[in-house]
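Asker: Listed below are the residues making up each chain.
Protein chains: 2
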Amino acid sequence: MSEIKNISKPISNELRKLDELFKATMKSRVTIIDQISKFILRQKSKKIRPILTFLSAKNCGEVTPSSYRAAMMIELLHTATLVHDDVVDNADTRRGFASVNAIWKNKVAVLMGDYFLSKGLLICIDANDFKILGVTSNAVRRMSEGELLQIQKSKQLDIDEKVYFKIISDKTASLLSASCEVGAISATSDQEKIINMRNFGENLGIAFQIQDDLLDYLGETSILGKSTGMDLKEKKITLPLIYALKNSNKSSVKTIVKMLKNDLQKKQINYIVDFVKDSGGIEYARSKAEDFISKAEKCLDNFPESEPKDSLLKLLHFVTERNY
Amino acid sequence: MSEIKNISKPISNELRKLDELFKATMKSRVTIIDQISKFILRQKSKKIRPILTFLSAKNCGEVTPSSYRAAMMIELLHTATLVHDDVVDNADTRRGFASVNAIWKNKVAVLMGDYFLSKGLLICIDANDFKILGVTSNAVRRMSEGELLQIQKSKQLDIDEKVYFKIISDKTASLLSASCEVGAISATSDQEKIINMRNFGENLGIAFQIQDDLLDYLGETSILGKSTGMDLKEKKITLPLIYALKNSNKSSVKTIVKMLKNDLQKKQINYIVDFVKDSGGIEYARSKAEDFISKAEKCLDNFPESEPKDSLLKLLHFVTERNY
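These protein sequences, in sequence, are chains G and B. Mapping of the first sequence onto this note's numbering: position 296 corresponds to residue 562, and the numbering continues sequentially without gaps. Mapping of the second sequence onto this note's numbering: position 151 corresponds to residue 417, and the numbering continues sequentially without gaps.
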């Protein structure tokens with residue numbers, strides 16, 4: 267059995283039912299929407315976020331009808347961001363993909379994303395799930411804010427650890443945190459439990475993103491299918507490099523910053539990767555990821571031992587330690 | 267005094283206060299968000315939608331704190347769609363604007379739109395304005411659905427009046443309808459009044475879009491700043507042409523459809539415009555717009571005479587009869 271199947275065993279029935287609900291919700295009488303929705307449904311997702319939602323619900327009590335709406339909202343929102351991510355960006359044009367066709371698709375991608383988001387909102391509104399709505403809307407704000415801050419910093423090239431953690435918390439951890447929080451909200455009104463689950467997701471998300479950023483230096487393909495060196499090409503300065511720059515002499519820093527100001531070729535990328543490795547950037551980022559994994563674990567301390575809790579811990583390690 | 271100033275006289279204080287609120291809401295500690303927000307604020311909008319919201323509120327009772335949140339939500343949502351519209355589409359590439367710079371901006375445009383939308387959602391959520399939230403979320407769904415259907419039909423080139431009215435109701439009338447409905451909701455719990463205001467906005471919106479589509483044939487610049495012949499270039503088949511095609515012989519239809527399948531040059535556009543004019547397409551679309559203007563007027567029949575009601579009627583004629 268694959269690791270993810272094993273993790274989701276306590277909620278396998280719930281996930282199956284969610285699949286059916288999701289398929290039914292994605293149906294549309296507008297052919298173009300129906301076709302694109304079917305295309306998206308065929309791209310098998312790992313469903314990390316709805317798994318977190320259901321496990322969080324079970325960890326706090328029982329899965330309720332509201333848990334399904336929470337999981338639907340989260341998955342629709344995640345789908346919306348994936349579709350919006352498909353909008354051709356700088357990186358794609360550099361790789362030569364900016365055909366007229368790709369650009370035509372941009373318009374459709376924007377509209378489909380807006381459509382999925384509105385569908386998610388309406389599911390919660392129709393059932394008066396306003397707390398879930400608040401948590402997810404806040405996640406939308408944080409995600410866009412984090413991505414925009416990252417774009418800004420990739421132009422300015424001035425980024426320290428504090429800004430780095432703000433970016434990854436907002437762009438990545440926000441939705442994983444929301445996935446856990448809405449699951450908890452759907453199952454309990456115990457504020458302490460809800461806050462613990464929210465923080466579990468937040469710390470898991472931060473650890474996950476540090477790990478994902480590390481993979482860019484380790485020459486492996488990440489869980490997101492991101493290819494190596496891509497962050498550097500996009501001028502994304504992540505934790506390993508931030509640490510390395512902070513702990514080097516002025517002339518090394520000057521050389522690297524000069525490289526980053528221009529288009530990076532393979533040679534320069536290899537140079538920067540070696541620089542990061544030699545400066546202990548990898549070990550530092552790893553230890554930071556470990557810190558957040560420990561923080562996440564602590565958030566579950568007050569919950570009794572159970573299958574769902576066990577799965578949450580397994581999932582934490584699955585998404586944050588892969589490919590080490 | 268300009269017509270729009272005259273129309274908004276009964277709510278000029280409210281609009282001023284909204285301006286202040288809007289400015290305060292758009293502030294952000296993330297520089298890139300702050301800069302783009304300021305840029306958007308400098309582009310003076312006619313504020314048709316918040317004007318509708320406040321006038322609808324006053325027509326149903328009094329402007330309340332909830333009316334301000336409703337107007338904020340509507341204006342933020344409108345801003346989000348404008349920013350998302352800025353994503354480079356097919357038309358722009360044909361006009362040769364698809365520079366790398368424009369494409370880089372795409373990513374930012376998508377994220378800024380998502381950001382504005384989430385800000386609007388959070389304003390309503392924080393104040394428990396859930397009815398307003400439901401109305402606006404439904405408008406988001408309808409807008410994206412309408413735009414997607416229009417894109418689909420511009421590829422298939424099969425469009426009849428029924429589909430045309432579905433497209434323009436969803437893509438245009440939905441937000442104008444929502445602007446009126448949320449205004450009414452913020453001021454009264456009388457369902458009949460709310461429905462009448464919603465329908466007033468819907469009919470106004472349909473008449474507005476027919477008129478806007480007509481301008482493409484009349485060689486004038488529309489209220490939206492759209493340039494002439496653009497719809498045809500984008501294969502948008504609107505009411506005047508739908509009528510003309512329906513009332514012509516097979517060989518004429520064949521000629522036109524053949525033209526539409528290829529990139530249109532000025533010569534072909536002039537040919538199609540003349541074809542539409544000769545077939546009575548202009549008069550037909552005009553009479554249809556008049557029908558919806560009358561319908562909108564009727565929606566206000568049961569409201570007592572008042573300054574706000576008078577302004578709503580003036581606004582109806584202002585947005586639907588300009589440039590006739």
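Please note: incorrect hints may appear among the correct ones.
Put simply, identical chains are the same to the list, so a pair is met inside one copy or across any two.
Stated by the list, open to error - The list that follows gives simulated cross-link-like pairs (lysine-lysine, DSS-like), each with its CA atoms no further than 25 Å apart:
1. K543 with K501
2. K371 with K499
3. K564 with K310
4. K499 with K561
5. K421 with K304
6. K499 with K304
7. K580 with K459
8. K432 with K371
9. K371 with K527
10. K428 with K293
11. K293 with K421
12. K304 with K432
13. K459 with K527
14. K293 with K275
15. K293 with K564
16. K428 with K312
17. K432 with K293
Since the hints were derived computationally from the structure, they do not count as laboratory data.
Asker: Hint by hint, note whether the structure agrees.
Answerer: Here's how the hints hold up against the structure:
Within a single copy, K543 and K501 get their C-alpha atoms as close as 18 Å, which meets the 25 Å cut-off; across copies the closest is 55 Å, which misses it. When the C-alpha separation of K371 and K499 is checked against a cutoff of 25 Å, the pair qualifies both within a copy, at 24 Å, and between copies, at 18 Å. For the identical chains of this complex, K564 and K310 are neighbours neither inside a copy (32 Å) nor across copies (52 Å), given an alpha-carbon limit of 25 Å. In this homomeric assembly, K499 and K561 never come within 25 Å of each other (Cα to Cα): the closest approach is 32 Å inside a single copy and 57 Å across copies.
In this homomeric assembly, K421 and K304 come within 25 Å of each other (Cα to Cα) only across copies, at 19 Å, whereas the closest approach inside a single copy is 37 Å. Proximity of K499 and K304 under a CA criterion of 25 Å is satisfied in neither setting, with 33 Å inside one chain copy and 30 Å between copies. In the homo-oligomer, the alpha carbons of K580 and K459 lie at most 25 Å apart inside one protomer (19 Å), although the nearest pairing across protomers, at 55 Å, exceeds that limit. Taking CA atoms no more than 25 Å apart as the test, K432 paired with K371 passes between copies only; the shortest distance there is 22 Å, against 31 Å inside one copy.
Within a single copy, K371 and K527 get their C-alpha atoms only as close as 30 Å, which misses the 25 Å cut-off; across copies the closest is 19 Å, which meets it. When the C-alpha separation of K428 and K293 is checked against a cutoff of 25 Å, the pair qualifies only between copies, where the shortest distance is 21 Å, while the shortest distance within a copy is 43 Å. Taking the closest pair of Cα atoms, K293 and K421 come within 25 Å of each other only across two copies (21 Å); inside a single copy the shortest separation is 41 Å, beyond that limit. For the identical chains of this complex, K304 and K432 are inter-copy neighbours only, at 23 Å across copies versus 35 Å inside a copy, given an alpha-carbon limit of 25 Å.
Taking CA atoms no more than 25 Å apart as the test, K459 paired with K527 passes in neither setting, with 47 Å inside one copy and 60 Å between copies. Proximity of K293 to K275 under the C-alpha cut-off of 25 Å is found in neither arrangement, the shortest distances being 28 Å within a copy and 46 Å between copies. When the C-alpha separation of K293 and K564 is checked against a cutoff of 25 Å, the pair qualifies neither within a copy, at 41 Å, nor between copies, at 36 Å. Taking identical chains as interchangeable, the C-alpha atoms of K428 and K312 are never at most 25 Å apart, the minima being 31 Å within one chain and 41 Å between chains.
In this assembly of identical chains, K432 and K293 lie within 25 Å of each other by CA distance solely across copies; the values are 18 Å between and 37 Å within a copy.
Going down the numbered hints, you'll see the structure goes against 3, 4, 6, 13, 14, 15, 16, while the others check out.
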